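Student: From just these sequences and the hints, can you work out the full model?
Read left to right, the sequence shown gives residues 1 to 128 (UniProt numbering).
These are computed hints drawn from the structure, not numbers from a lab. These numbers come from a predicted model, not from an experiment. Be careful, since some hints might not be right.
The following label-pair restraints were derived from C-beta to C-beta distances [what the hints assert, rightly or not]:
no., residue 1, residue 2, range
1, 50, 15, 14 to 24 Å
2, 76, 1, 35 to 45 Å
3, 1, 81, 32 to 42 Å
All C-beta atoms in this analysis are idealised placements derived from N, C-alpha and C, irrespective of residue type, glycine included.
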Amino acid sequence: ENPPALYVFPPPPEQLSAHETATVTCLAKGFNPPDLFIRWLRNGEPLPASDYVTMPPATESQSARTYFTYSALSVATDDWGAGNVFTCLVGHERLPLQVAQKSVDKSSGKPTSVNVSLVLSDTASSCY
1 ENPPALYVFP
11 PPPEQLSAHE
21 TATVTCLAKG
31 FNPPDLFIRW
41 LRNGEPLPAS
51 DYVTMPPATE
61 SQSARTYFTY
71 SALSVATDDW
81 GAGNVFTCLV
91 GHERLPLQVA
101 QKSVDKSSGK
111 PTSVNVSLVL
121 SDTASSCY
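Tutor: What follows is the structure, encoded as structure tokens:
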């Protein structure tokens, strides 16, 4: 059983220069079991599921027992250009606190790692 490794990619420059809808991509890989959820946030606020598409998990190779998936978030070019922070939030049972997140924005270009501080009571952590 493995937790997912998370990677967040900013929109390709070609998309931004064409002033099309920009795509922010979240890749989660190397996880097992395959049950996993992905949500997107904009400046910390949840985005509607209609703004993104998440692929069903697939095995990483024919012999692998680990899975990968990715989620594509559609963002208005102006929304990205304004410097808003987009966060990929991933839930998986093998993660510490069962959640992890990575954020990206125009100025970072490089994704930043953010610790999720969730306070779980003893009762919550023992319920699945």
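Student: Decide, hint by hint, whether the structure agrees.
Tutor: Each hint, compared with the structure:
{"no.": "1", "hint": "50 <-> 15: 14 to 24 Å", "verdict": "20 Å, holds"}
{"no.": "2", "hint": "76 <-> 1: 35 to 45 Å", "verdict": "39 Å, holds"}
{"no.": "3", "hint": "1 <-> 81: 32 to 42 Å", "verdict": "41 Å, holds"}
In terms of the numbered hints stated before, the structure departs from none.
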